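Asker: Spelled out from the first residue to the last, the chains are:
2 protein chains.
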Amino acid sequence: MPTITDVEITDVRFPTSRTADGSDAMNADADYSAVYVVLRTDGTDSAGEPLAGHGLTFTIGRGTDVVALAARHQADRLVGRDVDDVVGDMGATYRDLTADSQLRWLGPEKGVVHLSLAAVLNAAWDLAGRRAGKPVWRLLADMTPEQLVDVADLRYLSDALTRDEALEILRGAEPGKAERIAHLEHRGYPAYTTSAGWLGYDDEKLRRLTREAVDAGYRHVKLKVGARLEDDVRRLGIAREEIGPDLTLMIDANQVWDVPEAIEWVRALQQFDPLWIEEPTSPDDVLGHAAVREAVAPVRVATGEHCHNRVMFKQLFQAGAIDYCQLDTGRLASLNEIVAVLLLAAKFGVPVCPHAGGVGLCEMVQHVSVLDYVAVSGSLDGRITEFVDHLHEHFTDPCLVKDAGEGVSYVVPTAPGYSTQMRPESVARFRFPEGAEWRQDG
Amino acid sequence: MPTITDVEITDVRFPTSRTADGSDAMNADADYSAVYVVLRTDGTDSAGEPLAGHGLTFTIGRGTDVVALAARHQADRLVGRDVDDVVGDMGATYRDLTADSQLRWLGPEKGVVHLSLAAVLNAAWDLAGRRAGKPVWRLLADMTPEQLVDVADLRYLSDALTRDEALEILRGAEPGKAERIAHLEHRGYPAYTTSAGWLGYDDEKLRRLTREAVDAGYRHVKLKVGARLEDDVRRLGIAREEIGPDLTLMIDANQVWDVPEAIEWVRALQQFDPLWIEEPTSPDDVLGHAAVREAVAPVRVATGEHCHNRVMFKQLFQAGAIDYCQLDTGRLASLNEIVAVLLLAAKFGVPVCPHAGGVGLCEMVQHVSVLDYVAVSGSLDGRITEFVDHLHEHFTDPCLVKDAGEGVSYVVPTAPGYSTQMRPESVARFRFPEGAEWRQDG
Numbered sequence: 001m002p003t004i005t006d007v008e009i010t011d012v013r014f015p016t017s018r019t020a021d022g023s024d025a026m027n028a029d030a031d032y033s034a035v036y037v038v039l040r041t042d043g044t045d046s047a048g049e050p051l052a053g054h055g056l057t058f059t060i061g062r063g064t065d066v067v068a069l070a071a072r073h074q075a076d077r078l079v080g081r082d083v084d085d086v087v088g089d090m091g092a093t094y095r096d097l098t099a100d101s102q103l104r105w106l107g108p109e110k111g112v113v114h115l116s117l118a119a120v121l122n123a124a125w126d127l128a129g130r131r132a133g134k135p136v137w138r139l140l141a142d143m144t145p146e147q148l149v150d151v152a153d154l155r156y157l158s159d160a161l162t163r164d165e166a167l168e169i170l171r172g173a174e175p176g177k178a179e180r181i182a183h184l185e186h187r188g189y190p191a192y193t194t195s196a197g198w199l200g201y202d203d204e205k206l207r208r209l210t211r212e213a214v215d216a217g218y219r220h221v222k223l224k225v226g227a228r229l230e231d232d233v234r235r236l237g238i239a240r241e242e243i244g245p246d247l248t249l250m251i252d253a254n255q256v257w258d259v260p261e262a263i264e265w266v267r268a269l270q271q272f273d274p275l276w277i278e279e280p281t282s283p284d285d286v287l288g289h290a291a292v293r294e295a296v297a298p299v300r301v302a303t304g305e306h307c308h309n310r311v312m313f314k315q316l317f318q319a320g321a322i323d324y325c326q327l328d329t330g331r332l333a334s335l336n337e338i339v340a341v342l343l344l345a346a347k348f349g350v351p352v353c354p355h356a357g358g359v360g361l362c363e364m365v366q367h368v369s370v371l372d373y374v375a376v377s378g379s380l381d382g383r384i385t386e387f388v389d390h391l392h393e394h395f396t397d398p399c400l401v402k403d404a405g406e407g408v409s410y411v412v413p414t415a416p417g418y419s420t421q422m423r424p425e426s427v428a429r430f431r432f433p434e435g436a437e438w439r440q441d442g
Numbered sequence: 001m002p003t004i005t006d007v008e009i010t011d012v013r014f015p016t017s018r019t020a021d022g023s024d025a026m027n028a029d030a031d032y033s034a035v036y037v038v039l040r041t042d043g044t045d046s047a048g049e050p051l052a053g054h055g056l057t058f059t060i061g062r063g064t065d066v067v068a069l070a071a072r073h074q075a076d077r078l079v080g081r082d083v084d085d086v087v088g089d090m091g092a093t094y095r096d097l098t099a100d101s102q103l104r105w106l107g108p109e110k111g112v113v114h115l116s117l118a119a120v121l122n123a124a125w126d127l128a129g130r131r132a133g134k135p136v137w138r139l140l141a142d143m144t145p146e147q148l149v150d151v152a153d154l155r156y157l158s159d160a161l162t163r164d165e166a167l168e169i170l171r172g173a174e175p176g177k178a179e180r181i182a183h184l185e186h187r188g189y190p191a192y193t194t195s196a197g198w199l200g201y202d203d204e205k206l207r208r209l210t211r212e213a214v215d216a217g218y219r220h221v222k223l224k225v226g227a228r229l230e231d232d233v234r235r236l237g238i239a240r241e242e243i244g245p246d247l248t249l250m251i252d253a254n255q256v257w258d259v260p261e262a263i264e265w266v267r268a269l270q271q272f273d274p275l276w277i278e279e280p281t282s283p284d285d286v287l288g289h290a291a292v293r294e295a296v297a298p299v300r301v302a303t304g305e306h307c308h309n310r311v312m313f314k315q316l317f318q319a320g321a322i323d324y325c326q327l328d329t330g331r332l333a334s335l336n337e338i339v340a341v342l343l344l345a346a347k348f349g350v351p352v353c354p355h356a357g358g359v360g361l362c363e364m365v366q367h368v369s370v371l372d373y374v375a376v377s378g379s380l381d382g383r384i385t386e387f388v389d390h391l392h393e394h395f396t397d398p399c400l401v402k403d404a405g406e407g408v409s410y411v412v413p414t415a416p417g418y419s420t421q422m423r424p425e426s427v428a429r430f431r432f433p434e435g436a437e438w439r440q441d442g
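Chains as they are written, first to last, in the UniProt record's numbering: chain A, 1 to 442; chain B, 1 to 442.
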């Protein structure tokens, strides 16, 4: 019986601010980073390799050390425990990791202690998948409805979703699972790209990258907006010119507006027929999003990458505040909280289009989207998952996209785990501040 | 011209869990703690003492080191700066400290990075008061409406409160300021006590402390509830017996219930005529609080100690979710955000009854409540500020309460600053893990 022998926690930072990759109206100089957690064991996996679990949360530079310190407090509780105890009841593992009321005070269930919890739990889920020899989406999809509900954190949700309703949703998705898996294995899970539209790119680069995205088979392209209206008008004009009238454009303001400003600005951009406005205002503003949504229709409203927990998503659904749920795999407390949000979204009929990009988020969201289609919502209607073509080279099992004739799509992951293992040489080079990349920089 | 020469950040913890002080349904073993920030300067104050600013945020044990590390990132920006530049435009200082988008990502505006920001800004406000030779409440009350609005962070609030509306509220409170100050200097600011009702106390201790509170002149007593209904019924029976029918009882569930459970439980306790139920459910659940409020009337709903920023308070007001606003001086980003919430509360007609207790919160809330009466709401109707008689001995200028015939009240603070300086011998003894108190414990 293998045991968790050690936890390694590393502050890994990539100097993306040097090229304006990831720049938007709120974040001009992001250095894409991760708190990377490895749960070491004394066991081996089915291939005879050392068994370990790998997880991360995504950050953007300074303060990654703060999240790493919080993760240390949380992950140390796992050291010395039997692997099968930990991964055999992930609901109990979640409750154990969240039971520390002294740490809870620092959130609760939000901010640094929730980001770090996501990293630790993501590592535990990767370990669970590897121990079972299954990709994480399949580990979950193979569970009975009762097992899957027991994994989910339904606390504070019962006014919107009872346990019985959750079971009913999952039982309703049982028929046709195998067919849906086969369908995804053939066509992949629909993806869109943000790579073309970072705010720090000049017009020529924007035009070139948009054209390349269309040539690559993308049918949806997202642009950052919100710095200066006249720039947005010009940039959206370029993008619409390149993609033509039939492909889909989305825009993302990264929280820069007050509610009245959001309404005015989006109305001014409506001429370019954007599908959605993403993060029009503070991510905490449920009622604000509802007001924006009502005012800017037919442009739709999307948010979620900074939505800090299931209680906030519950309210976004209750208030009819969003058309698209962009949950984040590094910000919610891993699959325990994500499954709860998938269930809520299914109940309220809101499509889940996870936030990705950053470091490792694309690797994780493919599991979430596949799980949603196979075992929860059973639908691809209106679903499209973000893809950003950055930093995948640092993962041992990077996500893949393909175009099987219906637009670019994620290839369904098959390797055991959560696709979150980073290459050792990348971790060594980019660890902060000791890695070679940062030593030469300093 | 004095300069900020150094920032000291200390993790200070008091072993309160040994006596169940501070125990409630969510937090059974709190060790009341603080991240304590001192801004050192090379100047002297009006008394010829070294000029420094002292601030803190309140935590409950493990993880205080995480908040301290975040505070270090934020506070270092102040080192080397001219004191009068920093304190002469506290709106600009606030914006400077919140402008780091890499750190913002870790909230945004919530959790660890917001708690640490509160500690740093509280220290800056203490420095501002000492530099001016005024208690902080008076420094703010002496400002013109325009100056006070410029201090407040109104971002994301304009759909509920415009700058012009804020100015109108403050101008409306200009007449009568001197009379209101004189009134408070005479009678003090009304206080209630939570010291009697911690959940870990047995019935006999509860009865004795409740009787002592009544004898001491308290007219409002608050009890923790939410662990077991039959215990709550018995404990509230004891408390109501001791205080009689005329004094006021409040109850506090510290977030343990789902919405339907909260409604059922509070209805079962309605027989004891509680004024309010505090924190009935998740602090993030604006719509949940609104549902509870509608269902449990005439019992009123109070929340705020875990309400993480002004955007959440805005929604609590917009949704009609609360009867009492219990803002927290260690969780909101100091007076810059607090003034914004006071203005919102005044606009919506919700009385502000700040959360206190913990470490140093009573010292700070007295300034907030006095400021609210003198310069913002101009009203004492329904206002009552929490007082807990713990740990004041560790402050150089502890808050005082008195009973001038109208119930126990806070004495208006007169010393320059924010009353947040801790005694050096206390900091030395309780610093974690090096202090003598923790070395002997380990």
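Among the hints, erroneous ones may be present.
Quick partial rundown of chain B residues pointing at chain A, CB under 8 Å, derived from the structure [stated by the list, open to error]:
1) T44
2) R240
3) I243
Short, incomplete list of chain B residues facing chain A, as computed with Cβ under 10 Å [stated by the list, open to error]:
4) A28
5) V67
6) V149
7) R155
8) L400
9) D403
10) G405
Pairwise CB distance ranges (calculated) [unchecked claim]:
11) A99/A to T3/B: 45 to 51 Å
12) P260/B to D273/A: 55 to 61 Å
13) A92/A to P260/B: 43 to 49 Å
14) G91/A to A404/B: 40 to 46 Å
15) Q270/A to S158/B: 29 to 35 Å
16) T3/B to V411/A: 56 to 62 Å
17) D84/B to E264/A: 46 to 52 Å
18) R18/B to A92/A: 46 to 52 Å
19) D215/B to A99/A: 37 to 43 Å
20) E425/B to E146/A: 54 to 60 Å
21) A92/A to T3/B: 50 to 56 Å
22) A99/A to V233/B: 23 to 29 Å
Since the hints were derived computationally from the structure, they do not count as laboratory data.
All figures in this text were calculated on a predicted structure; none of them were measured in a lab.
By construction, the Cβ of each residue, glycine as well, lies at the ideal position given by its N, Cα and C atoms.
Asker: Are the hints correct? Go through all of them and say.
Answerer: Hints and how they fare:
| no. | hint | verdict |
| --- | --- | --- |
| 1 | T44 | 34 Å, violated |
| 2 | R240 | 29 Å, violated |
| 3 | I243 | 29 Å, violated |
| 4 | A28 | 7 Å, holds |
| 5 | V67 | 7 Å, holds |
| 6 | V149 | 16 Å, violated |
| 7 | R155 | 7 Å, holds |
| 8 | L400 | 28 Å, violated |
| 9 | D403 | 32 Å, violated |
| 10 | G405 | 38 Å, violated |
| 11 | A99/A to T3/B: 45 to 51 Å | 46 Å, holds |
| 12 | P260/B to D273/A: 55 to 61 Å | 43 Å, violated |
| 13 | A92/A to P260/B: 43 to 49 Å | 25 Å, violated |
| 14 | G91/A to A404/B: 40 to 46 Å | 56 Å, violated |
| 15 | Q270/A to S158/B: 29 to 35 Å | 21 Å, violated |
| 16 | T3/B to V411/A: 56 to 62 Å | 59 Å, holds |
| 17 | D84/B to E264/A: 46 to 52 Å | 39 Å, violated |
| 18 | R18/B to A92/A: 46 to 52 Å | 29 Å, violated |
| 19 | D215/B to A99/A: 37 to 43 Å | 39 Å, holds |
| 20 | E425/B to E146/A: 54 to 60 Å | 58 Å, holds |
| 21 | A92/A to T3/B: 50 to 56 Å | 54 Å, holds |
| 22 | A99/A to V233/B: 23 to 29 Å | 27 Å, holds |
Violated hints, in rising order: 1, 2, 3, 6, 8, 9, 10, 12, 13, 14, 15, 17 and 18; the structure is consistent with all others.
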